[in-house]
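There are 2 protein chains.
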Amino acid sequence: MTDLVERLRTGLPAEAVVTDQDVTASYARDMASFCTAGAPAVVVLPRTVEQVQHVMRTATALRVPVVPQGARTGLSGAANASDGCIVLSLVKMDRILEIDTVNRIAVVEPGVVNAVLSRAVAEKGLYYPPDPSSWEQCTIGGNIGTGSGGLCCVKYGVTAEYVLGLDVVLADGRLLRTGRRTAKGVAGYDLTRLFVGSEGSLGIVVKAVLALKPTPPRQLALGAEFPSTAAACDAICAIMEAGHVPSLLELMDRTTIHAVNEMANMGLPESTEALLLAAFDTADPAADLAAVGELCAAAGATTVVPAEDAAESELLLQARRLSLPAMERITGTTMIDDVAVPRSKLIAMLDGVAAIAARYDLVIGVCAHAGDGNTHPVVCFDAGDPDATRRARESFDEIMALGLELGGTITGEHGVGVLKKDWLARELGPVGVELQRGVKQVFDPLGLLNPGKLF
Amino acid sequence: MTDLVERLRTGLPAEAVVTDQDVTASYARDMASFCTAGAPAVVVLPRTVEQVQHVMRTATALRVPVVPQGARTGLSGAANASDGCIVLSLVKMDRILEIDTVNRIAVVEPGVVNAVLSRAVAEKGLYYPPDPSSWEQCTIGGNIGTGSGGLCCVKYGVTAEYVLGLDVVLADGRLLRTGRRTAKGVAGYDLTRLFVGSEGSLGIVVKAVLALKPTPPRQLALGAEFPSTAAACDAICAIMEAGHVPSLLELMDRTTIHAVNEMANMGLPESTEALLLAAFDTADPAADLAAVGELCAAAGATTVVPAEDAAESELLLQARRLSLPAMERITGTTMIDDVAVPRSKLIAMLDGVAAIAARYDLVIGVCAHAGDGNTHPVVCFDAGDPDATRRARESFDEIMALGLELGGTITGEHGVGVLKKDWLARELGPVGVELQRGVKQVFDPLGLLNPGKLF
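So the sequence lines, in the order shown, correspond to chains A and B. For the first sequence, position 320 matches number 320 in full-length UniProt numbering, and the numbering has no gaps at all. For the second sequence, position 424 matches number 424 in full-length UniProt numbering, and the numbering has no gaps at all.
Mixed in with the good hints, there may be bad ones.
You can't tell identical chains apart in this list, so a pair holds if it fits in one copy or across any two.
Cut-off 35 angstroms, straight-line C-alpha distance, at most; resulting in silico cross-link-like pairs (DSBU-like, lysine-lysine) [what the hints assert, rightly or not]: (1) 207 - 440; (2) 440 - 124; (3) 124 - 421; (4) 124 - 213.
Don't read these hints as lab results, they were simulated from the structure.
My request is simple: use the sequences and hints to build the entire structure.
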């Protein structure tokens with residue numbers, strides 16, 4: 001331990017090596033509930049690639065596990081420390097190195113906060129779409145590690161689609177450069193994509209080349225109230241089948257609506273069973289909203305309210321963004337699930353979650369990136385009540401089982417981490433797990449990178 | 001050899017095992033020039049997953065290399081046979097299994113021809129964008145193997161972006177299922193993407209889940225004539241920097257224009273140095289074309305001709321599509337390069353190629369997916385002339401070196417195969433190659449799948 005810290009200090013400035021246990025303890029976990037976390041031996045905060053290489057060489061020499069971290073806003077425990085590990089926090093590597101308007105790329109260090117990058121590129125007429133709800137805190141490195149999504153994905157896809165190339169420090173400290181700065185490229189296996197969503201288990205991302213889009217027109221939203229979740233799901237299918245390309249298509253169930261009203265007095269319609277939010281950032285969003293409004297009405301919407309301007313749109317989206325914090329207030333603790341199903345199976349998923357909630361006598365509210373079939377069932381419970389806690393865990397698992405049964409995945413955008421690793425094997429099957437372990441072995445033969453995650 | 005054929009016949013219908021050497025010889029190579037090709041021992045044409053598994057189990061048992069093939073329209077020798085190999089042609093597995101309009105996916109076997117799928121989904125209001133120039137012949141399996149692009153990529157991206165999930169028969173005959181049917185998913189390492197562009201070296205794709213888009217409005221094109229390639233490249237940069245999203249942005253140089261006129265009497269403007277083609281499939285393409293036309297004029301275009309309707313647009317695109325066949329007629333033989341650079345480096349790339357052509361005393365015409373920075377310098381020469389052939393090869397290599405120097409890649413969309421494998425190592429560097437070989441080893445420990453390709 002003394003040897004570890006001493007060796008780390010030979011290649012890092014004094015303030016970049018933190019051993020005060022009160023401080024290191026604060027780096028123990030991300031935002032996920034119910035995930036084990038250990039006590040780090042040391043927290044390092046490098047500012048350069050060379051310093052990261054020094055950390056990894058030291059870790060390899062002494063066989064000490066390394067847990068890479070961004071802002072620790074993750075929801076699966078992927079950033080949780082293990083006992084005696086080096087926590088490698090990338091938050092000090094937070095420079096935007098380049099924004100190139102002709103080639104529509106940004107080159108960034110991993111600690112850049114998502115919102116900082118988004119604003120910086122917006123000033124140049126460009127758009128970095130991935131917008132996880134933690135975008136004001138979370139880092140690009142963390143987004144890459146977990147394969148983050150957000151509200152924009154129904155039109156713009158997830159983080160993976162914006163990562164063109166990476167610089168990665170390997171477990172043994174060597175530097176790997178993957179991918180490209182060009183719009184296209186097929187030279188060899190796509191190692192870049194392998195790192196996206198790998199939760200720091202294959203290497204430490206120290207630089208990323210990101211693709212950008214031109215800034216779209218400002219989006220305009222509508223809200224539609226439905227007398228049943230089935231009717232709302234019908235509307236979602238009809239909207240997508242008709243060929244619309246909304247920039248956002250979200251669903252909030254009655255529990256969620258109620259919670260948001262409780263928290264923020266937003267005046268959402270509590271009598272409805274489901275609220276659908278749709279937005280378009282097209283040349284004529286009002287026309288698109290009118291067409292979608294008709295489809296909602298045909299599917300049984302009782303009220304369709306298109307926003308008249310950006311401010312009204314923002315208010316609607318604000319309601320959606322408050323969903324998770326609002327539900328946390330219901331019983332004190334929540335477990336947020338992240339099951340994605342084919343969008344045609346949304347009805348079955350929502351009905352199934354309601355049945356699970358009834359069976360376990362729990363409040364489970366659902367908000368969903370409905371256009372993507374990506375549901376976030378939020379299990380609300382009192383963590384002080386052991387029986388409620390047990391029921392919450394069991395219901396959480398049943399929700400994943402239901403997702404798999406419906407042809408879905410256990411995680412649309414939050415990742416596997418500690419929380420879902422038993423379930424990952426179930427989704428991948430034995431052949432898939434064997435090959436994934438084989439890939440891990442190639443990149444990290446000593447098993448030092450974020451051990452105990454994913455598998 | 002007899003043992004091999006007999007064993008293959010135990011799990012395949014008689015007509016699916018071809019040993020007639022006149023026939024098997026016709027499966028020796030794809031469309032690439034200057035790539036070695038051996039004589040296959042046998043060609044198999046399975047129709048089911050089980051038959052593919054039987055082939056791979058047999059190959060593993062007898063340690064016989066397997067070369068998977070689609071339509072053999074590739075341009076890098078990736079489908080070329082090696083001596084004594086099993087050629088595994090997937091062209092008989094050509095069923096479209098499912099087109100799902102709500103979830104916007106298609107599920108297909110690998111032998112489905114690109115154009116057949118494109119037309120089938122179009123009938124249902126959907127769009128499968130990847131459109132390599134061989135789209136009337138090439139198969140989806142081949143497109144996945146090479147990571148194919150096309151004209152649409154500047155707006156819609158490459159094949160990789162449309163592959164959601166795969167069924168893959170591994171070298172030992174086991175079946176691996178990767179990815180998903182959902183819009184989003186981050187469960188484990190992205191093995192799906194690893195297979196895209198892997199040129200059949202990691203496993204045999206037997207089923208693919210493909211993402212589809214809604215059919216966009218019909219595109220409208222314009223042609224703009226420039227007095228220099230530099231002015232045309234300026235226009236391209238200006239168009240992209242202004243935030244336009246063309247559905248096509250192509251460049252033809254004087255050599256290409258001349259060749260197309262010679263072949264098809266299209267009346268293209270031979271006096272110009274470069275012809276830019278831009279198209280939009282937006283709600284108001286005429287307005288977009290007008291804006292782009294102004295940028296072209298500002299960059300120095302002498303003439304800007306927007307098409308008035310779809311028929312005129314099609315005529316412009318036809319000229320672009322004829323570029324490669326037209327250049328083949330100049331001196332009988334061509335080598336088509338495929339170097340992608342950041343689009344801001346297009347000028348340097350085109351100037352550099354002109355200098356290389358002059359130095360080697362060769363005709364090198366360039367057509368380019370200019371919006372992507374993806375150039376296709378076409379080296380024209382007389383293959384009967386050994387000195388010209390040597391010069392052609394050397395110039396081809398110099399073009400790749402130039403691309404790398406400019407921050408580009410040796411292959412934007414055609415792949416590595418046999419043609420560029422020495423160059424792949426140069427692009428990836430030693431650490432990259434070591435890891436890529438490690439990945440290969442995980443999937444194909446005996447090295448039976450398409451040996452001699454990529455590395």
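So, going through the hints one by one against the coordinates:
{"no.": "1", "hint": "207 - 440", "result": "both (21 angstroms within a copy, 25 angstroms between copies)"}
{"no.": "2", "hint": "440 - 124", "result": "neither (39 angstroms within a copy, 41 angstroms between copies)"}
{"no.": "3", "hint": "124 - 421", "result": "neither (41 angstroms within a copy, 39 angstroms between copies)"}
{"no.": "4", "hint": "124 - 213", "result": "both (11 angstroms within a copy, 29 angstroms between copies)"}
Figure legend: structure checked against the earlier numbered hints; hints not met, in rising order: 2, 3.
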